[in-house]
Amino acid sequence: MKTSSLQRISAMLLRYFFLLRSSWPRVLEIAYWPTVQMIIWGFTSIHFSSASPGLTAGGILISAVLIWDSLFRSHISYTLSFLEEMWSRNLANLFVSPLRPWELILSLAIISMIRTLIGMLPAALLAIPFFGVSVFEVGLPLLGFFLNLVFTGWAISQAVTGILLRYGLGAESLTWMLPFLLAPFSCIYYPLATLPEWMHSIAGFLSTTYVFEGMRSLILEGKWLPELLWKACFLNTIYFLCGLVVFYVALRAARNRGLLMQSGE
Amino acid sequence: MIASEPVLQVVELSKRFGSVVAVDGLTFSLKSGSIIGLLGGNGAGKTTTLSMILGLLQPTSGAIRAFGHDFIKNRHSVLHRMNFCSPYVDLPQRLSVRENLCVFARLYGVLNIERRISELADSFRLQDLMECPIRRLSSGQKTRVSLAKALINNPEFLLLDEPTASLSPDVSQWIRQRLMEYRDRTGATILFASHDMREVELLCDQVLLMSKGRLVERGSPTELKARAGVESLEEVFLALNGEISQR
Chain F
-2 MKTSSLQRIS
8 AMLLRYFFLL
18 RSSWPRVLEI
28 AYWPTVQMII
38 WGFTSIHFSS
48 ASPGLTAGGI
58 LISAVLIWDS
68 LFRSHISYTL
78 SFLEEMWSRN
88 LANLFVSPLR
98 PWELILSLAI
108 ISMIRTLIGM
118 LPAALLAIPF
128 FGVSVFEVGL
138 PLLGFFLNLV
148 FTGWAISQAV
158 TGILLRYGLG
168 AESLTWMLPF
178 LLAPFSCIYY
188 PLATLPEWMH
198 SIAGFLSTTY
208 VFEGMRSLIL
218 EGKWLPELLW
228 KACFLNTIYF
238 LCGLVVFYVA
248 LRAARNRGLL
258 MQSGE
Chain G
528 MIASEPVLQV
538 VELSKRFGSV
548 VAVDGLTFSL
558 KSGSIIGLLG
568 GNGAGKTTTL
578 SMILGLLQPT
588 SGAIRAFGHD
598 FIKNRHSVLH
608 RMNFCSPYVD
618 LPQRLSVREN
628 LCVFARLYGV
638 LNIERRISEL
648 ADSFRLQDLM
658 ECPIRRLSSG
668 QKTRVSLAKA
678 LINNPEFLLL
688 DEPTASLSPD
698 VSQWIRQRLM
708 EYRDRTGATI
718 LFASHDMREV
728 ELLCDQVLLM
738 SKGRLVERGS
748 PTELKARAGV
758 ESLEEVFLAL
768 NGEISQR
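If you read the protein sequences in the order shown, they are chains F and G.
Numbering-wise (our numbering), the first sequence opens with residue -2 and increments by one.
Numbering-wise (our numbering), the second sequence opens with residue 528 and increments by one.
Do not take every clue at face value.
Between beta-carbon pairs, the in silico distance windows are [as the list claims (entries may be wrong)]:
#1 G:N601 to F:L166: 26 to 36 Å
#2 F:W173 to G:R663: 28 to 38 Å
#3 G:Q654 to F:E81: 19 to 29 Å
#4 G:G570 to F:L166: 16 to 26 Å
DSBU-like mimics (lysine-lysine), calculated; alpha carbons at most 30 Å apart, straight line [said to hold, decoys possible]:
#5 G:K752 to G:K558
#6 F:K(-1) to G:K600
#7 G:K752 to G:K739
#8 G:K600 to G:K558
#9 G:K600 to G:K739
#10 F:K(-1) to G:K752
#11 F:K(-1) to G:K669
#12 G:K558 to G:K739
Computed footprint of chain G on chain F; a stretch qualifies when at least three of its residues, placed anywhere within it, have a C-beta under 8 Å from a C-beta of chain G [unchecked claim]:
#13 4 to 12
#14 24 to 33
#15 245 to 259
In case anyone wonders, no lab produced these hints; they're calculated from the structure.
In this text, all values refer to a predicted model and were calculated from it rather than measured experimentally.
Just so it is clear, CB atoms sit at the ideal spot from N, CA and C, and this is done for glycine as well.
When you get a sec, could you build the whole thing from the sequences and use the hints?
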């Protein structure tokens, strides 16, 4: 009864589908936070626009909120699905099954993408009637911005899940903390020039900075700068590989220390 | 696999955690169709040994061959022929019994999933619980579901870590019967870690007795009792432990 990778990945996707189906508040919650964020920032945007129209031109604030949230949602969706295995003490069952670690990673990434879309699409669609802002007007580059941020989210998740394997649920708070560590340097709501000089060098190493600089250039000046997107892609490839290395090194350490049998609450 | 080849061969297997030696130079092999008890007190190294045989724990040294394959280097070539059950590992709590069995059946590549789940539901008296989430089950019911999961792929080699721990005697007896039936029907090999001497005596053809990480005695329950000149495995265990403490 040998299985293919496709069968095993579909088994894991089924497992996460069953989990979502078991609790409608969970499904609602996925869409709830991005929508609430969008509404708060929408009204903030209206308030600012009366004082300084340039600050909110083209729905820049709402677009920035939505695009940033795609990083946060992809990361949280990936990591929470992994945490479900730890909370339910199911990791050992998975690691003694024919499921390979890379298949687990791919399953988590796919379910993360599905959950991110479930979360982001209602918020993005509701922004049109509520505030007259359509993030879809950005056009094809939007897909580039979105995918880059999703990949950044997954890279962080791989590192976090590795740390969770190695240090257990005591490190759970990293799940929520790490994306916000990037936020001040990523220039989500303000241009890079706003940051003090010493922060520029850190911001230059972040793929997110190039995504938001590119987005601002496109929305505010109508200039599409593909080189910014390529820089983000290049950095994301490096992050992703680093994330994989952290995960595999941590898995090896967990296997050496006998942590896979013990993981759980 | 060649018919005469053991299902499992363990050679000089050791595991150290820093300065603590959890398992020390373990060597044994298991032949097809037997139920083997891995017996020992708390901290004897039973769970550590099982974890290494399952690939959850990397040995410090030694070799493990399962179905003729080097298990440490290439466990994925044989994991679909094995399965395990332990009270220290749970199934996803929010999923129903049916959903859990369905997911694991797919992970193990079971061909006719509905039929297999139905067989297990009958065998483990789970029919009325199939739509219940795992979190709502009693510990006895959870054990039955865990065993059903462990048999979902008709494993040729089944590893059980104290599967009847904290269960009432009648449920324990019922589970032992199911395991013996499974072995008789399929010819599977079952490695059974326990510190319940009576249970091992009732169930196992062979016993591996561990103490302080070492294999201190092996043989059938009858052989072990005869060698020690006592009436029960418990007395064998106490006698051996006494000897080891005096050394």
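Hints violated by the structure (listed by number, smallest first): Violated hints: 10, 14; rest satisfied.
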